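Undergrad: The residues making up each chain are set out below.
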Amino acid sequence: MNTTRELIEAHPFLAGLDPSARQRLAGAAHRIHFLPGSAIFAEGGRADRFWLIQDGRVRLDLHLAGTGPVVIETLASGDVLGWSWLFPPYRWQFGAVAVDPTLALELDGPAVRQLCDHDPELGYELMQRFMRVVVHRLQATRIRLLDLYGQP
Amino acid sequence: MTTPIPMLAPRPYRVVHRHAETADTVTLRLAPVGAGLGAWSPGQFTMVYAFGVGEIPVSISGGSGPVIQHTVRAVGAVSRAICDAPVGSVLGLRGPFGQGWPEPPPEGDVIVLAGGIGLAPLRPVILAGLNEPGRLSVLIGARTPADLIFTAEYDRWRAAGARVLVTVDRAAADWTGHVGVVTTLLAQLPAIDVGRPPPTGYVCGPEIMMRLGAEALIAAGVPPERIWVSLERNMRCGIALCGHCQLGPLLVCRDGPVVDAGHAARLLQHREL
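Residue numbers (the numbering used here), protein chains in the order written: chain S, 1 to 152; chain Y, 1001 to 1273.
Isolated chain Y (complex conformation) (with noise of 0.2 Å):
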């Protein structure tokens, strides 16, 4: 008899809580049964197994204690299992894996480009950053106001010190909200104090919309080595071992999936990869 790589092996854990965000996406709040997984941070992800179906990264979008929180969007068969699993079943985890969101340095304003389903890895992020007044700003775009996740929370950040703005690409006349594309939103931040710090730039959603908020970014003021995406790779080993994720000369299951931009920007419009 072999014994698995234990990296290889998902744990069950249990789906103790479920939230519909919209339509298409839930966040679901998982508890081990048995030995859960090892300490995470913010920005990495786990393998989630629907039993039967299949297996698919998932970033990590909350959690305390041995509770793990994701927020998945139904796309495909296994994300739709995912979707589906109503408390009390059991989904099985890998991981933690990859490189998270780095820290911002302790000086210098934070921004947060946040698209559709991108919120959800950005979410430790935005907690982390809360309670330091004016210091946070999240700036988040989404298709249509029906699309916006964790919309209950966007108060509470504001409560909490942060400048949250929203927009989305179209609405109904009843959305008193902003219209246009989310980059245009920097627009509304203050203007980039050169005598300062610079702020440090988080930026997750669709790659197209990854590639664009970072240049949108530097042309605001925010140095490139100091913005962060987190690339979406096919993920399926998870340790570096399959090849999968191959991206240049990065395995994003290890390397990534959190990347600067610079690099990403090398990366992403290299057209061989």
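The shape of chain S in the complex, shown without the other chains (with noise of 0.2 Å):
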């Protein structure tokens, strides 16, 4: 799996989606590797971009004064990097770092909020199915604030 397109067309966020939308969000987007331990974006960053993860794993990463980097979350082929670049004020909250070498496709976050301006029906499915990420993810942190290894 080698071009943009391919990438675009596996990548299961973007599963089912017209195929003319695809194409529109293929000039937004390019294919990109990132080395093991390679930071992707920094706490505090300019957030004007996102990734679909092909292959690899990322991990998001909060700095501690005193205690250094501690990690919040992995994510993995199939799971989409970073959303920031959705809403003002467009800064990335936390750190990303590459854990294996990863494959994505980087889209460029303010030429796909103007394809989204544009079409409110892409733009439409497009939130439709960052929400689904972010509940998702959000479900996943509130079952964690369960504790739930803490007693047998």
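It should be emphasised that the hints constitute simulated quantities derived from the structure, not laboratory data.
A quick note: this is a predicted structure, and the numbers were derived from the prediction, not measured.
Note that beta-carbon positions come from the ideal geometry of N, C-alpha and C, so glycine has one too.
One or more of the hints may lead you astray.
Examples of chain S residues toward chain Y, derived with CB under 8 Å [stated by the list, open to error]:
1. Arg59
2. Asp61
3. Ile72
4. Glu73
5. Val99
6. Pro110
So these bits of chain S aren't anywhere near chain Y, every CB distance computed over 12 Å [unchecked claim]:
7. Gly16
8. Asp18
9. Ala47
10. Gly68
Per label pair, the in silico range of CB-to-CB distance [said to hold, decoys possible]:
11. S:Trp83 with Y:Ala1191: 41 to 51 Å
12. S:Asn2 with Y:Pro1249: 56 to 66 Å
13. S:Arg142 with Y:Glu1103: 32 to 42 Å
14. S:Ile32 with Y:Pro1249: 52 to 62 Å
15. S:Val134 with Y:Ala1172: 25 to 35 Å
Work from the hints to combine the two standalone chains into their complex.
TA: What follows is the structure, given as structure tokens:
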């Protein structure tokens, strides 16, 4: 799987999306490789992109004074990385670092926002998909708040 | 003089090996001093007596021949005393009690979902399921990397054909494994092929983890009647006499601890229980 088009066709986040919509998204996307340990973005940085992970793993982390980075979550193949590009102030809340050699599709945030503004149908479809991801992660976070492994 | 009911009289077992799994969890191998208990099956438990302190139910995490292995987390006075038992000391054991894990059908994959100390009663299931490459998946969750148990065995399980995936709730940057809730590991397994016999799921951990784990397995396509969970209740007598472990119509020490997920869901979501 080499081309941007093939990656867009294969990624579950875009499964079932209208082919013409996928074609327009492909115009705002390119494939990218991250080496293990490379920083994809840093906390507080400008959020102007997002990624559809095809292979590999990425960790989200948060730097705590005195203890260094704490890993919040690991994202893997099939996951979406980054949604701070969607809303002002367009700043990353966490940092992201590749854990493994990672292949992803990088999408230009402002360009995708513009596509959504011009085509509300596509915008609604993408927002629904992002909401599903956000809700899923919120639920996973709530479950972790229960301290699942606290007592047998 | 009265004769004690055999299953109520603890039999002496000597600690012959001790391994600290984590800061608060210890695996003990126990050999009988004289006549031992009868044969056990995976998922059963014994009542372990720290003489002079008290008695608690502990799942069997392994063993061979007359030797029984228990993995205990120190959460109270009795479990602390058991964890502190040095090699050469003697504990009392009664049992084995309860219904264990049913064997998986000959066809279909096996998914083991374990949270925290819940991996201990599932270890015999894992060992029995090795050497069938690709059939067994073991998904393990813990609070932190330091809370994982049996870590020295994961590579051996992998080498014997199991897919072993590990996640923790939080970790420092030097942890290269997964971080996230244990059910998210299901997404890393191959999709369930509806044309093949369905998988069998074994879930063990704290109650909330088992409930969510069973729900996630069902959502992934595992039939509820092929998902097994191990209920934890206040077992005392072990022989369904005292009623301390009653959960609705079940006396968990006799009718459990292993029950199917459909049965467990009805009981665990009942507010009055």
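Undergrad: Of all the hints numbered above, which does this structure not satisfy? Sort the numbers upward.
TA: Failing hints, ascending: 6, 10 and 11.
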